[in-house]
Amino acid sequence: MSFLAWSSCLATLVVVSQCARIRIDVGSNGAPALIYTPRTVTAQVGDIVDFHFIDENAASSVVRGIAGAPCTPYPAKKEGFFNSGFILGEPTGSNVFSVEVNETTPIPIYCSVGGHCRAGMVGYINPGQGDFEAYASGAAALSKNEPPPMVPQTGGVYQQGVENGLIVITFVNAPSGGGGKGGKGGHQWGYGW
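Residues -19 to -1, 1 to 174 (mature numbering (1 follows the signal peptide of the UniProt record, and there is no 0)) make up the sequence shown, in order.
By construction, these hints were calculated from the structure, which means they are not laboratory data.
It is possible that part of the hints are untrue.
Said to hold, decoys possible - Have a look at the derived ranges for each label pair, beta carbon to beta carbon:
1) A121 / P87: 18 to 28 Å
2) K125 / T73: 16 to 26 Å
3) T86 / P19: 35 to 45 Å
4) P19 / E84: 17 to 27 Å
The structure displayed is predicted, hence computed values, not measured ones.
For every residue, glycine included, the Cβ atom is placed at its ideal position computed from N, Cα and C.
All chains should be modelled from the sequences, with the hints used to inform the complete structure.
Structure (structure tokens):
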């Protein structure tokens, strides 16, 4: 390996180590079940938000929404769109959908399953003052959700795990804007024991 290539790898490692991982639990096995915990988080560019699916009794999702239009998906073809698809939880939270934050603008999130969004399953990454409250009250006033487009998991990485890390199945779906080992809009998967 040349010095230049090695230096580039080292620089990449240094940048990655400065990024934070932020946990949000999706659902719960108690009441209220239809909730993101915490409901709002603050993240910097490069941080990873890990959505841990907890509720083993009902599938949930996390979709990027549109500010000012509760329960409506962000345009799927725009940079920054993400959709976990429907994921059944696991009590330890080992089923995880991870999204890298690529902007510091406010990003509403919601669950697109049935009436979950209207029931209050909404949240915010980097909310401005009053953003979360306005989004949540607007969602509660709706008569229906607008489902995201019928696309596979997009804009993040999904890991399905088993307690104690016995097996982890990882599915990577690069955003349609390109990047990632999967190439432009590609898919990649691997197994780890």
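Quick rundown of the hints versus the structure:
| no. | hint | verdict |
| --- | --- | --- |
| 1 | A121 / P87: 18 to 28 Å | 19 Å, holds |
| 2 | K125 / T73: 16 to 26 Å | 33 Å, violated |
| 3 | T86 / P19: 35 to 45 Å | 19 Å, violated |
| 4 | P19 / E84: 17 to 27 Å | 20 Å, holds |
Violated hints for the displayed structure, listed by number in ascending order: 2, 3.
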